[in-house]
Amino acid sequence: MEEFAALIDALVYTRSRNEKLRLIAEYLRATPDPDRGWALAALSDGLDFPAVKSSTIRNLLKDRVDPVLWTLSRDFVGDTAETASLLWPAPEHPPSPPTVGEAVELLEGMNRKSVFVDLPKLLDRLDASGRYALLKLATGGMRIGVSSRLAKTAFAQAFDVSVEEVEEYWHGLAPPFPELFAWAAEGQAPPDMANLPTFRPFMLAHPLEETVVDLADYVAEWKWDGIRVQLVRAGDETKLFSRSGDDISATFPELLDVLPFPAVLDGELLVRGSHQGGEANDVTQGGAASFNALQQRLGRKTVSKKMLAEAPAFVRLYDALLIDGEDLRALPWTERRKRLEALMARLPDTHFDLSRVVEARDFDHLAEIREGSRDDAIEGLMLKRKDSPYIAGRRVRYWYKWKRDPLLVDCVLMYAQRGSGKRSSFYSDYTFGCWDGDPDKGAELLPVGKAYSGFTDEELKKLDRHVRQNTVNRFGPVRETDKSLVFEVAFDSVHESKRHKSGLAMRFPRIHRIRWDKPVHEADRIEALKALIRD
Amino acid sequence: MPAPFSWIRPEPWGIHVVPADAWVDPSRPVERALVTHGHADHARGGHGQTVATPETLAIMELRYRTGAQDEAGEIPHKAVPVEYGESITLPGDVQATYFPAGHVLGSAQILLEHAGERIVCTGDYKRRADPTCPQFEVVPCDIFITEATFGLPLFTHPPIAEEMAKLLDRLAAHPDRCVLVGAYALGKAQRVIAELRAAGHHDPIYLHGAMEKMCRLYEEHGVDLGELRLVSDHTKDDMRGSVVVSPPGALNDRWSRRLPEPITAMASGWMRVRQRARQRNVELPLIISDHADWGELTRTIEEVDPVETWITHGREDALLRWCQLHQRRARALAMVGYEDEDD
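As given, the protein sequences belong to chains A and B, one line each in that order. Okay, so the first sequence: first residue is 527 according to our numbering, each after it adds one. Okay, so the second sequence: first residue is 13 according to our numbering, each after it adds one.
Just so you know, these hints were derived from the structure itself, not from any lab. Every residue, glycine too, gets a C-beta built ideally from N, C-alpha and C. Warning: the hint list may mix true and false statements.
[Unchecked claim] Derived, one-sided and incomplete: chain B residues facing chain A with beta-carbon distance under 8 Å:
hint : residue
1    : Leu164
2    : Asp329
3    : Leu337
[Said to hold, decoys possible] In silico negatives: residues of chain B with every beta carbon more than 12 Å from chain A:
hint : residue
4    : Arg40
5    : Ile155
6    : Thr276
7    : Ala330
Pulled out of the complex, with its shape left as it was, chain A reads as follows (with noise of 0.2 Å):
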């Protein structure tokens, strides 16, 4: 546990990509199994141990620390693990640490109850560093900089063989990986993935921005406003994938009998929703409702048959990586999608269809389709490069995204609350409002969302001292400013809410422009931000 506690603190503190691979990288080479795969596991996906949740951390601390001290304490650090580490206190004579192996079985054997015995026993065991680590690890997510690719991209390195690769097998693994650590630094036979339905990274896109593409070599396709998704089959089991690799599988049990062949299939999921068959127009598809009807179904472990009659879900397919156990990421987009329509004969048109290719005669006619998109469904429009092979994670100057503009309206910084990870100790998630009627004749200000990006550093600096110097009233953590600076809010869209006194809720909104110059009652009202609902 010392060595991968050191090998955390290093990695903290550094900045240099390199120097990151450089020392997951070493220890991967220098230390054992088991205890390498462990922390292989914790660096990249993480560990998810059932008994050992952030409040258990917190009400082990209680028990040890006055409360109140707790909280302040934790409120500074803006870190329950670190700040666990910090305050336990420690035996005089702690007996000898563990090894990562020992502490992985002791949390995997804890439950709800027994954590609150074994857990301070294991943490008596190890200095403030060790603990930090052991916390960051039991509580999955470590937040020290390090992504699950450059983790991947470390082992790659440190025993010599490619990345890709060992994307490929990752999905079909588990941790502590005996197999993909005999195949990689022992040299013994790879993985066999062929009858497992396992997750391939997916290929993402770069913002456009300023960029211009020529349409002789790039083609057009509607960015669809759901989630993306992977449908894999594979020795006759069927699984579906998120973005991020998650198995969702059980939330959309529909999907997992509609597809009669082995394939891996890129797509948007959607649902069918009170849009259901009409809209259709010679543009776009239609049939889809918008992403506020699909999250009612997101994150659900299971599924009623209401939902299921309601809110259908079907795929837009947009790539096909693997047809019939035959590999296609290796061709080009063009042979990629006469593959993919060819297949649409063998799929149900009740769970399928195909992300049609928008038509445009130049650059300029594709941004004045964009901009007449005002369907729910559409985020944007995805520019694909037409001899572009399936490549895992985001390659320039293959695949684009240009989103639709977002809507802005003014709104009032209400409440102010400090950050976590990097931003720990500033005031950096904002709640703001608007106002319910006339300002000037008494109105109120109503909360309407909250935004934790879209300002630079030196802005974030400029809106925590404003809030220090005009705060009103604290609640925990969280400080009531005077309500006098606007902020120009950008969101995606906006859609009726119960869960909020202003009966609204925003997607994605983010702080555009912070307007010091800009007098309170110059904000924008509910009514407003009311008539830009679209669903």
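We have chain A already, so just place chain B on it with the hints.
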């Protein structure tokens, strides 16, 4: 007979000693200021008269020309030196005595006595030994006015020798690079240099130009800092394998491009918290503070054992809570202008 302690009034811009019409560490210009130490949030220019230790006055002369003659040969901002252990009688029958606070060169706690009542203003203080200034003394009093910069139980400053060893280990591991230490220009920088010398590091240490004058002032007051060189006088190759000291603000500045692949270190009590170090892009956090940590703050209150504790600035909520839990009378003063310096 006036109410107890009615002669002292905490105001947002300083502590008012009413009968003497004097202010302790005022954040705006006043006729008579009693200054605990030279840091900018406690010592400001423009007072009619400043009462402080000779070292603090030397620092203030350097920064604000306190006690210096103007072109007409007048001294517009007068300096009244008081040595450690020495008392001065102020108007209104107030007695002020200066005791070491152990914070930086010249730093003092000020004991104020009037009508048989004793009040101690600590300014900022620490309890650890520091080769650049005399150690804090416990001064019994009725009201103890303390800081709380590191007033959270998570703050325990490790022994400075451990932090020096971390620095020297890293330096030895990278003989072709340099270790750039961000340290507050007054106090922290000189303490780090003096502690490096105490740890046996006698190579030349390179300074950012902004640190030079203060280091010379320390040397004039008898603090041996060994051989110091200015970064601007040397090439990248000269500085390989060396320690470079700069103000924290210069760490991520263009200025540091002239250094040989610097490893960015920062000497500060805030480095105890990982995310604080990351926010400043620090690769080598050195937990070194010139303030009392949580254990020292609470131990000091116990040792001084005042009737009442007043808390000026920092994490006052938590220290107030500790006082409550230990049945000690305490209040937080809403002071403005005291900042969490880069300590």
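Quick rundown of the hints versus the structure:
1. Leu164: holds (5 Å)
2. Asp329: Holds - the Cβ of aspartate 329 (chain B) comes within 8 Å of chain A, reaching about 6 Å at its closest.
3. Leu337: holds (6 Å)
4. Arg40: Given that every Cβ of chain A is farther than 12 Å from that of arginine 40 (chain B), nearest at about 17 Å, it holds.
5. Ile155: holds (24 Å)
6. Thr276: Check fails; 9 Å does not lie beyond 12 Å.
7. Ala330: violated (5 Å)
Hints 6, 7 from the earlier list are contradicted by this structure; the remaining hints agree with it.
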